[in-house]
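One letter stands for each residue in the lines below.
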Amino acid sequence: MEVTSQLKWNPILADPTGKRQLKPRTLGKTMVMDKGLGMLAFQDLLQTSSNHVDMIKLGFGTSPLYPQSVLQSKINLAKENNILIYPGGTFLEVAVTQNAVDSFFDMILALGFNGIEVSDGTIQMDRRQRNKLIARGIDEGLEVVTEYGKKGWGSSIELAELIDTVLIDTELGASLVTIEARESGIGVGIFDGEGKCKDEELHSVMTSISGNKLLWEAPLKTQQVHLINSLGPDIHLGNISPDEVIALEALRRGLRSDTLLSLGKK
Amino acid sequence: MEVTSQLKWNPILADPTGKRQLKPRTLGKTMVMDKGLGMLAFQDLLQTSSNHVDMIKLGFGTSPLYPQSVLQSKINLAKENNILIYPGGTFLEVAVTQNAVDSFFDMILALGFNGIEVSDGTIQMDRRQRNKLIARGIDEGLEVVTEYGKKGWGSSIELAELIDTVLIDTELGASLVTIEARESGIGVGIFDGEGKCKDEELHSVMTSISGNKLLWEAPLKTQQVHLINSLGPDIHLGNISPDEVIALEALRRGLRSDTLLSLGKK
Amino acid sequence: MEVTSQLKWNPILADPTGKRQLKPRTLGKTMVMDKGLGMLAFQDLLQTSSNHVDMIKLGFGTSPLYPQSVLQSKINLAKENNILIYPGGTFLEVAVTQNAVDSFFDMILALGFNGIEVSDGTIQMDRRQRNKLIARGIDEGLEVVTEYGKKGWGSSIELAELIDTVLIDTELGASLVTIEARESGIGVGIFDGEGKCKDEELHSVMTSISGNKLLWEAPLKTQQVHLINSLGPDIHLGNISPDEVIALEALRRGLRSDTLLSLGKK
Chain A
1 MEVTSQLKWN
11 PILADPTGKR
21 QLKPRTLGKT
31 MVMDKGLGML
41 AFQDLLQTSS
51 NHVDMIKLGF
61 GTSPLYPQSV
71 LQSKINLAKE
81 NNILIYPGGT
91 FLEVAVTQNA
101 VDSFFDMILA
111 LGFNGIEVSD
121 GTIQMDRRQR
131 NKLIARGIDE
141 GLEVVTEYGK
151 KGWGSSIELA
161 ELIDTVLIDT
171 ELGASLVTIE
181 ARESGIGVGI
191 FDGEGKCKDE
201 ELHSVMTSIS
211 GNKLLWEAPL
221 KTQQVHLINS
231 LGPDIHLGNI
241 SPDEVIALEA
251 LRRGLRSDTL
261 LSLGKK
Chain B
1 MEVTSQLKWN
11 PILADPTGKR
21 QLKPRTLGKT
31 MVMDKGLGML
41 AFQDLLQTSS
51 NHVDMIKLGF
61 GTSPLYPQSV
71 LQSKINLAKE
81 NNILIYPGGT
91 FLEVAVTQNA
101 VDSFFDMILA
111 LGFNGIEVSD
121 GTIQMDRRQR
131 NKLIARGIDE
141 GLEVVTEYGK
151 KGWGSSIELA
161 ELIDTVLIDT
171 ELGASLVTIE
181 ARESGIGVGI
191 FDGEGKCKDE
201 ELHSVMTSIS
211 GNKLLWEAPL
221 KTQQVHLINS
231 LGPDIHLGNI
241 SPDEVIALEA
251 LRRGLRSDTL
261 LSLGKK
Chain C
1 MEVTSQLKWN
11 PILADPTGKR
21 QLKPRTLGKT
31 MVMDKGLGML
41 AFQDLLQTSS
51 NHVDMIKLGF
61 GTSPLYPQSV
71 LQSKINLAKE
81 NNILIYPGGT
91 FLEVAVTQNA
101 VDSFFDMILA
111 LGFNGIEVSD
121 GTIQMDRRQR
131 NKLIARGIDE
141 GLEVVTEYGK
151 KGWGSSIELA
161 ELIDTVLIDT
171 ELGASLVTIE
181 ARESGIGVGI
191 FDGEGKCKDE
201 ELHSVMTSIS
211 GNKLLWEAPL
221 KTQQVHLINS
231 LGPDIHLGNI
241 SPDEVIALEA
251 LRRGLRSDTL
261 LSLGKK
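Protein chains in written order, with the numbering used here: chain A, 1 to 266; chain B, 1 to 266; chain C, 1 to 266.
Calculated directly from the structure, the hints in this document are not laboratory data.
There could be a bad hint or two in this list.
Copies of the same chain are indistinguishable here, so a pair counts whether it falls within one copy or spans any two.
No farther apart than 30 Å at their CA atoms in a straight line, the calculated lysine-lysine pairs in the DSSO-like style are these [to be verified]:
1. Lys-265 <-> Lys-213
2. Lys-213 <-> Lys-23
3. Lys-221 <-> Lys-150
4. Lys-221 <-> Lys-198
5. Lys-8 <-> Lys-79
6. Lys-150 <-> Lys-19
7. Lys-132 <-> Lys-8
8. Lys-196 <-> Lys-265
9. Lys-265 <-> Lys-150
10. Lys-132 <-> Lys-265
11. Lys-213 <-> Lys-79
12. Lys-150 <-> Lys-196
13. Lys-196 <-> Lys-221
14. Lys-196 <-> Lys-213
15. Lys-150 <-> Lys-198
16. Lys-79 <-> Lys-19
Only chain A is shown next, with the shape it has when bound in the complex:
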C-alpha cells in the first residue's frame, strides 16, 4: 500500500486540459441535485467526489421528509467538505404560499444550511417580494442562489427579463443565477421537447451576460456535452445526478470520448 500511496498520476493523464481549477473554485462549479440519497450514499458521494462537487441542492421540498438526524448529518458533512448545501427553491415557494416564510428561515438556520435558493418557477412572485427574500437570506448570513425560469412545459427564456434578473439579483448579493431546466431537462428553458439545446437562445444569452454568473441546469449527458463543447469546460453546471458527478468531471477534463479531441492539450 505504501508504495502506491506515494505514486501519483502523471498530471497530463489526470487532466489533459491542464486547466481545471481546484476547490474552492470560481470557474466550472458543479451543483449536484440530491432528491433523496440515503446517508451512506451521501457519504459515498463525498468520499469519492468531494473534490468535484461545489454545491448540493436538496431538490424541491424533500428537506422535511428526512428523519431530522439524517438531514442534520447531510448538512454537517457537506459543510465539512466545503460544499454549499441548500434546499430547492420550490420549498421556499411552498413557504411563501403557506405564509410560513419565518418558520422556513428559522428552521433553515437552526439546521445549519449555508445557502438558499430563491425562485418563482411555480408560483407568481413580484420583484419586490423576490428582493425581500434575497435580502433576508443575505442578512441571515446565507449564500443566496437565485433561479430564472418557469417549470411549466414549453417555458422559454425572455432575454431582456433574464438580463434584468441577473443584474438585480446579483446586485442584491446573489452569487449565481440558475437557469431552470428541472430534473428532467425536457421542454423547459433552453431545452426543447426532446431535451435538445435551443442554440440561438443560448448564444443570445451568452453575448449579453457574463457566463460565470450563470449556473446551467443540465441533467442529461447530451446537454452537458453540448454546453461544454459550446461554452467551454469552465461553465457552471447544475442538477447533476449524484451518479454522474465523476462522469461529468471526466467530460470537463477531456477524459471522455465526447471531449477528448476538443479539450485535450495537443
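Chain A is already provided as a structure; the job is to place chains B and C on it using the hints.
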C-alpha cells in the same frame, strides 16, 4: 445537536396538504420495486424513507439470486420497519411452470417473507389455479397481493374482467390488486407506447371499482404526477424506484412543482 | 437463522434453465461499467452480486478522478472476488494522444489493475500501434480486452474489418473483443438511433465469428433481452449498469417475464 433535535418543521411545511396518513396507513400506500439493491443501499432506503414505504417487492425472480444471508437480512429489516415484503409474481409463475409450487412456499415461509404476489402476467393460469394459490397464501398466514394484466407489449385492461378479478381476489382474501405496468411503464395496461396514460380506460376503471383496492404500478414520474393529479394523492402506487421514494412523497404532499398548486392547502 | 442458512432454493427455482455456469465461467460473462460508484456502493455490488460479475470496467477516464485510496480499494476488492478490473479504453487513448503511454502502464501496474482495454473508439490508431499496445499489455502480465467500433453517432460495423480485428487481436493474445455500444446504446455499432438492434448486421457477424470471442456492450434492458433471445443466454454482455446486474442474471436464467417462456426448462 440537542437544540436542533428538539426543533420541528412547521407542519404546514412538512405537509402542505395537511392530510397525509402516517404508517400503518390505509390510503396512499407506496410499493417499492427492489430489483437488486445491495444490503447497504437497502439499509439506506429504510433509514431514510421507512415512513414513506409500505411495501417492497423483490422484482420478478431476483430472490434466489442473492446470497442467502443478504436476502434474509432484507426480509428481517423490512419487517422490523413494518413493511410488507414479497417476491415478484413472476417468480411464483416460474414455480408453477416448473411444478415447484411446494418448494416455493416452503422456502418463502422459511425465509420469513410476509407476503406473496399472485399473477399471470406471463403464463396462462385458469381461475381455479389462481384461487388455489391465493387461498394457500392466506392459509399460510401471508398477505396476498394479486396482479391484473399481461406483461406483453400493447396489453390493455378488459374492464369486465378486471371487475371480476377484483371481486373474486379480494373475496378470497387478497388485500390489493396490482395493475400491471412492469418496471418500464411503457406499452402495458393503462399506459400507451409512450408511457402516457389512457385516460378513458382509467376513468372507466375508477367509476366501477373502489380505488383503495387497487395498487397502480407507475414507475415513471410523469405517470405518478398524472395519477395523483387525476385521482388524488391517496391512491396506492407501486413499482416505485428506490431512488424516487422521497420524490414521490414530495409529490403526494404538494412539495414539488407538479402538485404544489393543486394539492397545497390555500 | 441457523435453520434458514441450511435451507437451499430448489435448483429449478434458482435456475430454470439448468445450464448457468458458475464462476470462473467461459460462457455468459457479465461486464459491469462502473462510471463512478462510491466505495460503499462498490462493496454492496460485490457482496450482493459477486457470483454474477466477471469483469468490471472503470468507464473511460474516470480512474484518475478517484482519491487514490478508493481506487486502490476497488481494485483489491475486485481481485479478491476473482473479477477482471480494467480502465476504459478511452483512458489509454488519452495516454496515446498525450504521449504518456509509459506513465499509463507504470501506474496501471503499480495500482494492480489486472487488465486493460485497447480501443480506437475516438482517436485514429493504425494496426501497428494497436498490435504494440496489445503485446505490451500481455508482456506486462495483464489480460487484454480489445474493442471494435467507433463512438461517433451512426457508426456501424464493417464485417470484413471486424473479422480481421478479431483474428489478429486474439492471435496476439487478447481474450475478448468488445463490440462498442457506449454507455447509451443509442446510434452506435449494431444499435440504431432508437437503440434497436440491426438484426441483419448481427446475424452476419454471428455467422462469421465465434460468439465466445465477442463481448457485446448492451446497456439497455431491451438490448439485453433481444440479444439473449436471439443468441442465447450464454453470450458475453457488457456495459451493464451496476443496478442491473441481478436483473440481467434473472434474464439469463429465465427468471423474468421476457425469457421465462423461451429459456425455462419444460
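Now the hints, each set against the structure:
no.	hint	in the structure
1	Lys-265 <-> Lys-213	within (27 Å within a copy, 36 Å between copies)
2	Lys-213 <-> Lys-23	within (17 Å within a copy, 45 Å between copies)
3	Lys-221 <-> Lys-150	both (22 Å within a copy, 19 Å between copies)
4	Lys-221 <-> Lys-198	both (16 Å within a copy, 25 Å between copies)
5	Lys-8 <-> Lys-79	both (28 Å within a copy, 22 Å between copies)
6	Lys-150 <-> Lys-19	between (34 Å within a copy, 28 Å between copies)
7	Lys-132 <-> Lys-8	between (50 Å within a copy, 25 Å between copies)
8	Lys-196 <-> Lys-265	within (28 Å within a copy, 36 Å between copies)
9	Lys-265 <-> Lys-150	between (39 Å within a copy, 22 Å between copies)
10	Lys-132 <-> Lys-265	between (47 Å within a copy, 24 Å between copies)
11	Lys-213 <-> Lys-79	within (22 Å within a copy, 46 Å between copies)
12	Lys-150 <-> Lys-196	both (18 Å within a copy, 23 Å between copies)
13	Lys-196 <-> Lys-221	both (11 Å within a copy, 20 Å between copies)
14	Lys-196 <-> Lys-213	within (23 Å within a copy, 38 Å between copies)
15	Lys-150 <-> Lys-198	both (16 Å within a copy, 27 Å between copies)
16	Lys-79 <-> Lys-19	within (26 Å within a copy, 34 Å between copies)
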